[in-house]
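Participant: Spelled out, the chains give:
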Amino acid sequence: MFTAFLIKYAEIGVKGKNRYLFEDMLVHQMKHALKKCEGKFLIHKSQGRIFVEAQGEFDFEEAVERLKRVFGISGICPVVYAEDQGFEKLCDSVLAYVDQVYPDKQRTFKVNARRARKDYPLESMEINAKLGEAILNAYPEMSVDVHKPEILLNVEIREKIYIYSEIIPGPGGMPVGTGGKAMLLLSGGIDSPVAGYMIAKRGVKLDAVYFHAPPYTSEWAKQKVVDLARIVSRYAGPIWLHVINFTDIQLYIHEKCPHEELTIIMRRYMMRIAEQIAKETECLGLITGESIGQVASQTMQSLAATNEVCSLPVYRPLIGFDKLEIVEVANKIETFETSILPYEDCCTIFVAKHPVTKPNLKVIRRHEQNLEEGIGELVRVALETKELIIVEE
Amino acid sequence: MEIYLDNSATTRTFPEVAELMTKIMCEDYGNPSSLHMKGIQAEQYLRSAKETFARILKVNEKEIFFTSGGTESDNMALIGCARANARMGKHLITTQIEHPAILNTMRYLESVGFQVTYLPVNAYGQISLEDLQRAMTRETILVSVMHTNNEIGSLQPIAQAASLVKRMNPHTLFHVDAVQGFGKAKIYPKRMGIDLLSVSGHKIHGPKGVGLLYIGSQVKIQPILHGGGQQRNLRSGTDNVPGIAGFARAAQLLYDHYEDDVKRLYQCKKYFCDGVRKLEGVKLNGLLPGEPDGAGTAPHIVSLSVRDVRSEVLLHALEEEGICVSAGSACAARKPQPSATLKAIGIERDLLESTIRFSFSIYTTQEELDYTLRALYDKIPMLRRYTRKR
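So the sequences go chain by chain: A and B. In terms of numbering that gives the first Met the number 0, the first sequence opens at residue 0 and continues consecutively. In terms of numbering that gives the first Met the number 0, the second sequence opens at residue 0 and continues consecutively.
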């Protein structure tokens, strides 16, 4: 019965003169999201609102699911619209709406009419009163509550008449593409996809980098990362995934540096490489899934040690999250099940039994000097042989 | 170069089989339950397939039932017999090194009130008849023992076990999972005292998604699938005619050259084992004492533990050279827990996660084995240089 959606957006509404930029991007992202949905849709801005009108048959559930993944939307209202054929007809439409949407009539309600077309013969208050009366007559079990109604029945009178009452929560945030681009370090674990999701939610487009270490990590592990990127791209849009072959660098560090510091030094090189790709691809920052104290390489001291090799800002949206809180989001965005597939990733393979938890920067820097001879060339080759996979839903 | 040494996971389909199946799918696509000529045509394929298997197994055609593969055959045998014979007792016996299709079905039966004894195996992966004798009770309705182990290639004393079981209780049913053994050994259920036998198509160069269960005419069993009443009401579902015909053709082709092929597989195994022994810090699993050539074990399976190298890493290192092998067994390789079979043969803890499996087929050549051995000689010392430091 619903033929349209009214889209509510929260934060964009408070923007100033550049507000149209955000709205246009939101429309663009919604069009993209609905492209693969069954049905044809017309999306238009009108008087500070965005409407999605279905042209003919469409899959309601699928459309809602897809809109729920568009950042910038705070609410999705399924709308019934009727042609303006006089107040009598409007009454019938409203009664039919109430009957279909609320089979259980033991509810309180309030009618909230808005007249965008001031030449409509009745005023808003009159419409409220008359429609309320009609509903009470038709369904005596229902009662009016003007302060805290269970059902807020909106009736908007424009060229057509829009009737809606339900608001399906959207994801919030800002439309992707309004906030520049950042490089996500994607490992295949639980955290990094969630970190990417959270930054994308603020309107940031994502690129991603994955460090592959064959034969220590398998093609399955790489496929898993591609799958994760694909899930994140449902929200963030197409992602350019850069795959770096990290094996030789890892083995070189393993050979030249103390074993307890392997992970920390390895991560410093990952950050350096990620930053280099980020600069080449016009990313304005790096994103990691780190959270303070989660593992040895994520203590304050370790974070300081990995942070110091970058000049770009490193965004760590999960920094104050507990593991369970991260898992909750991972479940919500449906990356969790893929994340826990048991393939070895390059961080766990050579990990020491007791890695340093409080690395001393001076010591790390000194040990990194052991690498001076060969590391530059290895990094150069790694960057040169990087593989690009463009991932989209 | 692509070298496929994972034939216990699955095999390359014989081209003749693929051709036959294509023909059936495109031309003779009838449903054998139909009354018209297309149906009769399809029925001919089924009949001929049953004849083929009846001949190979030396059983009656009416005792052959086609399924969707080894897993379904095992499920049907265990669940079908347990349900049909529950009044005679609620005890079943199997071994600790069975395929998950048996082990997990047994776990299911335990959850619905049956008791199951899991027989241990010795270091060579064999059960002892004394253990079996001790485990038998008056309540035992079924014993299930695999013919050839899928991970280490150990063979069980099937005929002796069956005769022991029958001597102790003629009513106890004896099931054999021969998914790895069929095609590599001659298996005659009636002579060996086997009541039920599971076989799979894709392990013998046939198609995936088809298998059979031999059910001796004396066996009391209930269907586990209900529907249109095909296959004498025991296994409903439209007959997979192309699959069944392809499966039978593969079996026929295999048994036509049986003696030569098996001899050659044993030669491969000996050659490969000899080559592997030149490496330091490796252990061949499951070979019988005094039989370094592999006699008394499956002709096509070599299980190798490589100290200080994780199986997954070695697997991917070989993959870089185009060589496909398995870590443990393919069915368990993508799960984290260590293999039940390797544990049951009491392999050292350190080697549990350092074991890979090579499995050969009639397509395997000596050149491929040489190439693989060279890859092992190259890779293993290199990989050992970079192990987790202790």
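The hints are simulated quantities; they were obtained by calculation from the structure and are not laboratory data. It is possible that some hints are incorrect.
To be verified - What follows is a set of in silico ranges between Cβ atoms, one per label pair, in the way DEER data are often shown:
{"#": "1", "chain 1": "B", "residue 1": "Tyr270", "chain 2": "A", "residue 2": "Val294", "range": "56 to 64 Å"}
{"#": "2", "chain 1": "A", "residue 1": "Pro341", "chain 2": "B", "residue 2": "Glu290", "range": "42 to 50 Å"}
{"#": "3", "chain 1": "A", "residue 1": "Glu37", "chain 2": "B", "residue 2": "Asn30", "range": "29 to 37 Å"}
{"#": "4", "chain 1": "A", "residue 1": "Gly375", "chain 2": "B", "residue 2": "Glu290", "range": "53 to 61 Å"}
Unchecked claim - Here are a few chain B residues that face chain A, going by a calculated C-beta distance under 8 Å:
{"#": "5", "residue": "Leu287"}
{"#": "6", "residue": "Asp307"}
{"#": "7", "residue": "Glu311"}
{"#": "8", "residue": "Glu319"}
{"#": "9", "residue": "Gly321"}
To be verified - Quick partial rundown of chain A residues pointing at chain B, CB under 10 Å, derived from the structure:
{"#": "10", "residue": "Asn17"}
{"#": "11", "residue": "Asp118"}
{"#": "12", "residue": "Thr216"}
{"#": "13", "residue": "His253"}
Nothing here was measured: the structure is a model prediction, and the numbers come from that model. Even glycine gets a Cβ: it sits at the ideal position worked out from N, Cα and C.
Participant: For each hint, tell me whether it holds in the structure or not.
Facilitator: Hints and how they fare:
| no. | hint | in the structure |
| --- | --- | --- |
| 1 | Tyr270(B) <-> Val294(A): 56 to 64 Å | violated (47 Å) |
| 2 | Pro341(A) <-> Glu290(B): 42 to 50 Å | violated (36 Å) |
| 3 | Glu37(A) <-> Asn30(B): 29 to 37 Å | holds (33 Å) |
| 4 | Gly375(A) <-> Glu290(B): 53 to 61 Å | holds (55 Å) |
| 5 | Leu287 | violated (33 Å) |
| 6 | Asp307 | violated (13 Å) |
| 7 | Glu311 | holds (6 Å) |
| 8 | Glu319 | holds (6 Å) |
| 9 | Gly321 | violated (13 Å) |
| 10 | Asn17 | violated (50 Å) |
| 11 | Asp118 | violated (67 Å) |
| 12 | Thr216 | holds (8 Å) |
| 13 | His253 | holds (6 Å) |
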